[in-house]
Each structure stands twice: as C-alpha cells, then as structure tokens.
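Colleague: Starting from the known structure of chain A, fit chain B onto it as the hints suggest.
There are 2 protein chains.
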Amino acid sequence: MVFSKDNMTGIILALLSSVFIGASFIIKKKGLRRAAVVSGVRASVGGYSYLMEPLWWIGMITMIVGEIANFVAYAFAPAVLVTPLGALSIIVSAVLAQIILKEKLHPLGILGCVLCIAGSVVIVVHAPQEHPISSVKEIWYMATQKAFLLYVGSAIVLVFILVFYFAPQCGHLNALVFTGICSLMGSLSVMSVKALGTSLKLTVEGKNQLIYPETWVFMLVVVVCVVTQMNYLNKALDTFNTAVVSPIYYVMFTTLTIVASVIMFKDWDGQNVGSIISEICGFIVVLSGTILLHVTKDMERSSSFRGNYTPSSPTLSTRLFNSNGESHKHEQEDELCSEEADSRRQDLQV
Amino acid sequence: MVFSKDNMTGIILALLSSVFIGASFIIKKKGLRRAAVVSGVRASVGGYSYLMEPLWWIGMITMIVGEIANFVAYAFAPAVLVTPLGALSIIVSAVLAQIILKEKLHPLGILGCVLCIAGSVVIVVHAPQEHPISSVKEIWYMATQKAFLLYVGSAIVLVFILVFYFAPQCGHLNALVFTGICSLMGSLSVMSVKALGTSLKLTVEGKNQLIYPETWVFMLVVVVCVVTQMNYLNKALDTFNTAVVSPIYYVMFTTLTIVASVIMFKDWDGQNVGSIISEICGFIVVLSGTILLHVTKDMERSSSFRGNYTPSSPTLSTRLFNSNGESHKHEQEDELCSEEADSRRQDLQV
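These protein sequence lines are chains A and B, in that order.
Using our numbering, you'd call the opening residue of the first sequence number 1 and step up by one each time.
Using our numbering, you'd call the opening residue of the second sequence number 1 and step up by one each time.
Just so you know, the hints here were simulated from the structure itself, not pulled from any lab data.
The structure presented is a predicted model; accordingly, all values stated were derived computationally and were not measured.
There's no promise every hint is true.
[Claimed, not checked] Label-pair restraints from in silico Cβ distances: (1) Thr9(B) / Gln169(A): 50 to 56 angstroms; (2) Ala147(A) / Ile64(B): 41 to 47 angstroms; (3) Cys170(B) / Tyr48(A): 54 to 60 angstroms.
Idealized CB from N, CA, C, for every residue including glycine.
Chain A with its partners taken away, still in its complex shape (with noise of 0.2 angstroms):
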C-alpha cells in the first residue's frame, strides 16, 4: 500500500468532490424549501422564486466546484479509483439530510453507508499505480489501440442501436434503455475528461499541450459525450423516477467505465491477482452500499414503514392520508415514490 503523490492527490480531489456535490443536494433544497415558504409557491409546480434564494445559488456553486475536482481528480489518479469513489456523496448528502433537513435514516440505511466506506477503502488500498504520462500523443496513442477502438465502435455500435431501435420501442416502458445510453457515453465521457485533464495539467505544468490537435479533438469528445450523457440522463429521470433510475445507472455507468479504463489505460498491468480481486470485490461492495442507500430511502419515505409521523392509533384512512401528505413534503428533487412505496400504498389500499 504505497501511493504515489499523484495516487494521493487523485483521491483527496475524488473525496473533495464527494463532499461538495453531496452538500450541493442539500444546500439547494434547503435553499429550494425556504423560498416556498418565503414566495408561498413550490418549484415543482412552476415556481421560479427560488432563483432569488441565495441558498439555492450556493448550492450550485458547490456542485459546479465538485464537478470540477472531479474533473482534476481524474488527471491524476486512474478511472478505476475516482470513479467509485463518487459513491461517497450519497453516503455526504445521506448524513447530511439527517442533520440538517432532520430526515430520518433507515437503520439499512446507514448499513449502506457503512459499505460504500468498507468498499472505497479496499478499492483505495489496491488503487493501480499510474504510468507517468508526458505527452497527449501518449493518450492519443492509447485511445487508438485496437483493443480500445473495438471498446469504443461497439460502445457506439449499442448506443445507435438503442436510440434508433430501442428507446422508441420501449425507452418509456424499461428503464434500462435510457440508463444504458447514458451509461455507454458516460464510459467514453470519463475516457475523454481524463484525456483532456492530463492534457491540461501538463500544460499548466508548463508542457504546453494545445499546440497539438490531439489536445482538441479530445476537448470536442468530451463536449459531445457529455452532452448525450447528460440528454438521456434527463430523460431517463424525466421517465422513471430517481430511486430507479440512481443505481442502475451508478452500476452501470460505473462498471462499464471501469471496463473502458483497464481496456485503455491498463490499469490491471503489473497488479497482481489478489489486488485485482480486491479491488473488483471492493467495487461490488460500493455498488451494493449504493443500492441498499437507494432502496431503503424509499422504505422511510413511504410513511406506512415503521409508522413515522402518524398518530399512536392511526386508522386506515388517516394513514392514507399521512402516507399521500407525506410524499407532499418532499422537494423538487425527490417527490417521486418509488414502486417499492408505491406497491406497500397498493398493499394498504384494501
């Protein structure tokens, strides 16, 4: 377990990022909360006034930070260490909504939170050492290697496929369809920033890297990846709503950048078994943290479980109520239910 400086400065930015983009959900909604109370109408249903709440700004200001130490976290670390480590800010927002919105965790849910940190660990522990870069014609050369030039025709082969074939079919009947758009572009995304990142960081180190076009066919790359990445996660949003759509799309958004880091940057070169495993074991791990995070913060909404905010002896009819008022509460962001709610709200609609 030795780090390299770059190792380092790689996962401090990967938690840095975390941490902003994980308060960046909370700030907003406090921020989103106070201005329907100060304006008297909500943001979903068509009001503006949160504009004027310098909460709401804060919290974009924050993510937008985020956003970019991730982008440099990438110029120094692998793909296969910085992008599980993304798991961390549900775990920020997750801890955060408990102390500052006051909404309860599901005791499972904390389990998750313990998991994602047990994964990230081992995944940091056996993080791949990088080899030292000095050109972006290295990158280029990587990213035209045959191995990697399949990865990317078929990437785009299934994108076609699913736009053109599937998502009019049934892109609103299966969730899969738009997540997997977004998941293949979101792998060639990642590719991309990280080219790009390593391309600005040595220049900013004084290799002057733009004089070469590789520098910008990367930039344009990176633009349209994403662009699509960012379209089809809107509409899978739009669609489904997030319980669903959040851990398919972290699995597999995550898996397949994964696959597209190792196939193009050799991650796994020179690592040997035991560390490989480890750290494919440690990403199973973070994946399920995620998805118990996901699914239990549905159970405690869905107010029928464990009976939070319902009087001592309720009756049917004024846990339907409680139930509907409940899901009333809830902000932009997150006032979808899930189908797990939705089915216990059928369970008791006898």
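Modeller: Just chain B now, with coordinates in the frame of chain A:
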C-alpha cells in the same frame, strides 16, 4: 496472493463446513415438516415424531460433519480466516431454502449473499500465513504470553459480571447480556479448539502430543468453554427471537475471536498495513451481509411485504388471515417473528 498448502486446506475445510452446516438446517427442517405431516403433531407443540424421521437424522449427521470440518479447519488455517467464512453457511441455507423449501428470498437478501461472498473473498485473498507450529508447548507459550493472559482475564471477569450481576437484572430484557456471555466464551472456545486441533493434527502426523499435559489442559478448556457457550446461546435463543440473536451473536463472536486470535497467534505480524485494512473491511462487509440477510428474512416472512401468498386482490381481513396463517407454516427453529414483522402487522391491524 500466495497460499500455503495449510491455508488452502483450511479454506477448503471451512467452505465445506459451511456447506454442510448450511445444508443441515434445511434437511432438518424438511424432516420436521415431513414428521409433522405423518404424525399430525408438530415438534413445537411437544411432538417427538421427528426422531423417527430419517431425514432429521441425516440433517443432524450433516451438521456434526460440518462442525468437525470446522474444527479441523482451525488446525490448518488462522482463526481470522476460518471464523468469518462461517457466514457462508447462511448463504447456503438461504439458497437451499429457496430451492428445496420454496421459501422466497427477499431481493435485499440476495444483496446480503453477494456481500458475504465479496467480503469472504477479500478476507481469503489477504489471509495471513501461519507460523508453522511443531509442538503443543509452542501453543502453550503463546497462550500464556502476558497480552493473551490479559485478554483471557478480562474476558472471564466480564463473563462473571454478566452472569452474576447483569443476567439476573436484565438478562431477559436486553439481548446483549446472554449473547455477550456466549460471544466472550466463544472466543476462548475457538482459541482452545485451535490449540487442541493443532495438537491432534501434529499427533496424527506422527508427533505425539498426548504425552504432554498441555494437550489435556486444552481439552478441558475446550469442554468448559463450549459447554458454557452453548448453555448461554440456548438461553439467548429461548429468551429472544433468532432474528435478533443471530446477527448480534455473529458480530460479537466473530469480532472477539479475531481479536483473541490476533493477540494469541499474532496473525497480523509481518502483514502489511494494506492487507490488515483489507481484512478488516472484508470482515465488516461479511458482517453487513449477514445482518442484511437476517433482517430481510423476516421482511419476506411477514407476508404483507410485496404481498406473496395472497390472492391478487385481497381484502384486509384475508391479508391478516394470511399473514397469521403464513406464520403458522414455519417450523420449530424459525417460528419466531421479528419486531419488524410485528410492527408491520400492527401497521395493518387498524
């Protein structure tokens, strides 16, 4: 990740032991069910017809074989490796329950299984090598070193306090008392079992250890510790339900055993920090998986969750009938229902 031959033997034995113990629960349960069908009297209401049922005896024998395999595993591999692998028996019984008894596994239970496996793999990959032991006198020396005597002393004092002060006061209110006693004794059991197992292994290999009084002392300690441990485990299971006792016991017992083993056998000497951290994380992951499996087992059993076993459009009264009727289906070992299931049921009794 280089395994010594002894470690490999230990791992295989520990895995076999988990398969046998996990399967034994299911076979015994199948036997109990069949006996109840034949005689019409259930074991839980005082029937002994299961003693005439060959399946029940096969289950008992399977369990004994599993326990022996576990005992022998300790003679070959470190306790920090063998003990956590015990969690895999839960997976085996969960999977077999689904296949043979047609009990449905909760989706989060599957996640629990995945976690137990991922955690176990991390532990196995980082298992420490054991110093080769050539005589029971060496083990005696390790057992009488100052640090370990301090551990044994503290454990015994704690057990006495728990038995004579806390057990009469709040043993029937707080599940930590009885499980605490059997976990503390359990850690001493494992250490003495390991000492005895190693002596017997050496004896079988031709180096007779039965001539040394130390071997007999270890045998006496094994008997005293195991009897005390089993006595209080039964008290715990009698007083509280399995779903509460099992995870608490597993967490405390495994943690204390690892602490004892690290002190006595110096398992972590000569291991690098990364491996130790990975082992601890792997251990936390296995614990989390175990907890998840136990907690969700009861979610499935209270049939109100996801509405299994119920007609497609049930009324509240049929649901309640079903949820009670369902709980009657369970056999001797697991007819208890957790606080969670109870609270869910209260939820429905409006």
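Colleague: CB of Ala147(A) to CB of Ile64(B), is that within 41 to 47 angstroms?
Modeller: Taking Cβ atoms as reference, Ala147(A) and Ile64(B) lie about 53 angstroms apart, which means the hint is violated.
Colleague: Should the hint that Thr9(B) and Gln169(A) are 50 to 56 angstroms apart at their CB atoms be regarded as holding?
Modeller: holds, 55 angstroms
Colleague: Does the Cβ-Cβ separation between Cys170(B) and Tyr48(A) fall within 54 to 60 angstroms?
Modeller: holds, 58 angstroms
When each numbered hint is compared with the structure, a violation occurs for hint 2 only.
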